[in-house]
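**Student:** As they're listed, the protein sequences go chains A and B.
Mapped onto numbering that gives the first Met the number 0, the consecutive letters of the first sequence carry residue numbers 0 to 117.
Mapped onto numbering that gives the first Met the number 0, the consecutive letters of the second sequence carry residue numbers 0 to 598.
None of these hints come from the bench; they were simulated from the model.
A few of these clues could be false.
[Claimed, not checked] Under the rule of at most 25 Å between Cα atoms (straight-line distance), these lysine to any residue pairs were calculated in the SDA-like manner:
#, chain 1, residue 1, chain 2, residue 2
1, B, 70, A, 56
2, B, 70, A, 57
3, B, 70, A, 58
4, B, 546, B, 37
[Unchecked claim] Pairwise CB distance ranges (calculated):
#, chain 1, residue 1, chain 2, residue 2, range
5, A, 97, B, 514, 40 to 50 Å
6, A, 39, B, 115, 21 to 31 Å
7, A, 22, B, 116, 22 to 32 Å
8, A, 22, B, 73, 30 to 40 Å
[What the hints assert, rightly or not] Output of the computed footprint for chain A on chain B, the stretches with three or more beta carbons under 8 Å from beta carbons of chain A:
#, stretch
9, 163–171
10, 203–215
11, 278–290
The beta-carbon is built from N, C-alpha and C at its ideal position, and this holds for glycine as well.
Single-letter residue listing:
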Amino acid sequence: MTQHTSRRGGAAALLILTAAAAFLTLSNSSSPVRPAVMVAFFCLVPGNALVGFLDLRPPSAALALGLGVSLALSTLCAQVMVWCGVWNPTAGLIVLVLVAAPCLVLQVLISPRQGKFE
Amino acid sequence: MVSRRVLHRVWLPAGPATLTLVALAVWAIALPHLDATHVGGLGLIEVVGPLFILSLVLLCVAFGWGLALAKPSARLCAFQVVALIVVLNTLAAIVETEPSYFSAYLHAGFIQYIAQHGSLLPRLDARFSWPGSFSLGAMIMRTAGLQNAVALIRWAPLFFELLYLAPVLAITRAAVRGGRVRWAAVWLFYVANWIGQDYLSPQALNFFFVLVVVAAVLHWSPRARVLVGSSLRGRGLLTRFRRRVGGDEEFAVQEVGGLPSQVSPWRRVLVIVAIVVITAVITISHQVSPVILAALFGAMWLTGRAGSLRLPVMCVAMFLGYLSLGAQEYWVGHLDALLGSIGHVNQNLSANLGGRIKGSDVHRLVLDARIGLVLVMAALGAVGLLRAWRAGHNRLSWAFMAVAPFPLFVLQSYGGEAVLRSYLFTLPFLSILAAHAFFVATRRSVMGAIALSLISSILAVGFITARYGNDQFEQVAPSEADAVAWIYGHAPLGSTIVAASRNLPWRYRDIDTYHYNPADDAILSNPDSVIRLLEGSKGAAFFISTKAEEVFGEELYGLAPGWLDALDAKLESNGRVQVVFREGDARVYALYGALRVLP
Numbered sequence: 000m001t002q003h004t005s006r007r008g009g010a011a012a013l014l015i016l017t018a019a020a021a022f023l024t025l026s027n028s029s030s031p032v033r034p035a036v037m038v039a040f041f042c043l044v045p046g047n048a049l050v051g052f053l054d055l056r057p058p059s060a061a062l063a064l065g066l067g068v069s070l071a072l073s074t075l076c077a078q079v080m081v082w083c084g085v086w087n088p089t090a091g092l093i094v095l096v097l098v099a100a101p102c103l104v105l106q107v108l109i110s111p112r113q114g115k116f117e
Numbered sequence: 000m001v002s003r004r005v006l007h008r009v010w011l012p013a014g015p016a017t018l019t020l021v022a023l024a025v026w027a028i029a030l031p032h033l034d035a036t037h038v039g040g041l042g043l044i045e046v047v048g049p050l051f052i053l054s055l056v057l058l059c060v061a062f063g064w065g066l067a068l069a070k071p072s073a074r075l076c077a078f079q080v081v082a083l084i085v086v087l088n089t090l091a092a093i094v095e096t097e098p099s100y101f102s103a104y105l106h107a108g109f110i111q112y113i114a115q116h117g118s119l120l121p122r123l124d125a126r127f128s129w130p131g132s133f134s135l136g137a138m139i140m141r142t143a144g145l146q147n148a149v150a151l152i153r154w155a156p157l158f159f160e161l162l163y164l165a166p167v168l169a170i171t172r173a174a175v176r177g178g179r180v181r182w183a184a185v186w187l188f189y190v191a192n193w194i195g196q197d198y199l200s201p202q203a204l205n206f207f208f209v210l211v212v213v214a215a216v217l218h219w220s221p222r223a224r225v226l227v228g229s230s231l232r233g234r235g236l237l238t239r240f241r242r243r244v245g246g247d248e249e250f251a252v253q254e255v256g257g258l259p260s261q262v263s264p265w266r267r268v269l270v271i272v273a274i275v276v277i278t279a280v281i282t283i284s285h286q287v288s289p290v291i292l293a294a295l296f297g298a299m300w301l302t303g304r305a306g307s308l309r310l311p312v313m314c315v316a317m318f319l320g321y322l323s324l325g326a327q328e329y330w331v332g333h334l335d336a337l338l339g340s341i342g343h344v345n346q347n348l349s350a351n352l353g354g355r356i357k358g359s360d361v362h363r364l365v366l367d368a369r370i371g372l373v374l375v376m377a378a379l380g381a382v383g384l385l386r387a388w389r390a391g392h393n394r395l396s397w398a399f400m401a402v403a404p405f406p407l408f409v410l411q412s413y414g415g416e417a418v419l420r421s422y423l424f425t426l427p428f429l430s431i432l433a434a435h436a437f438f439v440a441t442r443r444s445v446m447g448a449i450a451l452s453l454i455s456s457i458l459a460v461g462f463i464t465a466r467y468g469n470d471q472f473e474q475v476a477p478s479e480a481d482a483v484a485w486i487y488g489h490a491p492l493g494s495t496i497v498a499a500s501r502n503l504p505w506r507y508r509d510i511d512t513y514h515y516n517p518a519d520d521a522i523l524s525n526p527d528s529v530i531r532l533l534e535g536s537k538g539a540a541f542f543i544s545t546k547a548e549e550v551f552g553e554e555l556y557g558l559a560p561g562w563l564d565a566l567d568a569k570l571e572s573n574g575r576v577q578v579v580f581r582e583g584d585a586r587v588y589a590l591y592g593a594l595r596v597l598p
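Between the sequences and the hints, there should be enough to build the whole structure, so can you do that?
**Tutor:** Rendered as structure tokens:
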């Protein structure tokens with residue numbers, strides 16, 4: 000599997016996770032997998048959707064930054080809602096989904112130039 | 000004929016991989032036989048049994064075997080490290096009936112409050128002045144459809160330890176060339192991380208953030224690495240110092256796949272934006288982590304690992320800015336608590352070292368094990384530094400990183416916990432040095448692998464002793480959980496809930512609608528003062544007494560054995576209070592008058 004294919008596969012997997020998180024929350028599902036899906040979403044999706052464009056190396060550091068940015072953006076989103084007195088976790092989730100999903104779609108559809116990321 | 004590639008990638012790693020699976024099978028067989036209900040002063044090590052210990056030893060042997068191969072497999076090492084993380088950090092979660100540790104329940108209460116009200120209570124508790132982690136927890140709780148955050152407590156240690164893996168690996172990758180040294184460092188980080196700061200808490204999340212920021216700076220900071228090693232030009236004092244401690248220029252150029260100047264400017268800018276955002280989140284989420292991050296930034300700048308002084312300055316400015324404006328409600332009225340211990344080096348050392356070494360003779364063995372583990376890691380770090388130096392590899396900059404967090408406990412006692420926090424933050428860098436005690440650069444060393452297996456087996460057993468050594472009082476018995484649940488089910492809002500100590504699974508809900516006493520680290524051992532508290536309360540008042548509180552008082556406060564039983568006896572013979580709930584060792588008392596208001 001090439002680096003490009005694996006990158007596209009990762010973005011596609013995150014896109015599926017995003018869709019699952021949005022569906023489970025908006026449908027107020029009582030599925031036992033919902034907590035695990037939500038934790039995975041907040042840890043993985045927002046940051047990796049953005050950091051994925053940077054094509055950083057090595058992979059361990061890129062993954063660490065993706066996780067860090069994900070949790071930092073999720074924390075900021077929650078905290079801004081608290082400070083502004085507009086506490087609505089579902090709306091916060093939707094904002095994160097709306098930021099992340101287009102980035103992930105772009106990463107799935109657009110081919111980076113070969114060699115640029117070597 | 001098997002090709003060399005297949006031989007090294009598949010056949011040779013098959014042996015250690017199989018042994019790792021055997022270790023996991025032994026662990027799975029051992030678990031159902033563990034009974035944590037009658038743990039003594041040594042904690043869970045008393046009940047884990049030989050099969051569990053065997054699984055740990057097999058894991059360490061398998062890991063050493065994997066590193067002894069001519070070409071160690073990164074995938075195998077990653078699998079083995081994840082297996083180690085699971086085995087070490089799920090013990091309490093699996094064998095105990097209820098999630099453990101009273102502070103985690105309190106943090107669940109903070110999360111519950113934010114989830115319900117979308118606001119903060121900075122006057123109730125200082126931690127609300129740094130609310131980022133709790134707000135994140137509240138958002139996860141609500142979007143996950145959870146009724147309360149107690150559900151997050153049980154698996155939090157496993158979650159956080161897995162989260163640390165990527166940044167710790169990234170830091171080791173920035174530090175050393177050889178895969179053996181790198182993975183040995185990651186392994187040592189986990190077997191030596193007995194601190195237990197990975198429960199549901201702001202410090203657990205912020206330790207992760209700090210690791211990420213350090214990893215990002217080491218890999219992508221502007222001008223980093225071009226300052227490292229003999230490439231340095233100039234004669235200034237700082238330049239000469241950096242040249243002396245900097246490290247291997249040859250590594251800097253080859254291993255990272257290009258100097259930072261080859262990373263396109265827009266990507267570098269975005270990475271710096273990410274670093275600034277994460278640092279800002281650390282600043283609003285935890286009071287201690289920004290200070291340690293500033294110290295690490297300073298060490299990275301001093302040793303040339305980060306090219307700019309702007310990072311430590313930015314971190315300090317954010318910290319002071321937020322402390323002045325965002326955390327104003329905390330420090331107004333608490334200035335003495337915040338600044339009072341600064342400069343009182345002797346008092347802080349005493350609170351951090353002497354103040355923590357107390358308890359029964361049996362429990363002191365646990366404390367000895369903790370000190371022993373720290374000393375073993377420090378000795379391994381010193382040996383590793385020396386071995387690397389003799390082999391021509393300068394690792395002094397990592398020694399600087401390792402000592403950078405320690406001034407914290409000279410500045411602040413932090414409730415006697417600053418030394419623990421410092422050790423935690425020092426561990427990723429100390430582990431890098433310690434790994435050099437077994438392997439240097441890319442060289443294969445069967446003896447090093449055998450020594451690593453042996454020493455990490457000892458450290459792993461020490462981990463179980465040190466990490467779960469407080470389990471006699473940190474473990475939550477079902478009867479304790481039921482007693483607290485009974486109060487929440489029966490006590491009218493506004494009631495006062497009194498306990499002999501804070502070591503209870505309480506305050507996980509309604510933190511603002513009940514009056515809790517003690518809300519701090521005080522301990523109530525005098526029956527008269529308990530009755531005065533109950534009688535002095537405005538609404539109904541209840542007193543909870545549990546076995547865990549009694550052991551907590553004995554081990555941490557040096558109270559006489561059976562002190563809470565004596566207090567219970569006096570309360571029962573007093574005539575003004577009666578037992579309204581009794582299950583196992585847990586009792587709930589109420590004033591006779593209070594019963595009238597019960598539903």
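**Student:** Please write out, lowest number first, the hints stated earlier that are contradicted by the structure.
**Tutor:** none
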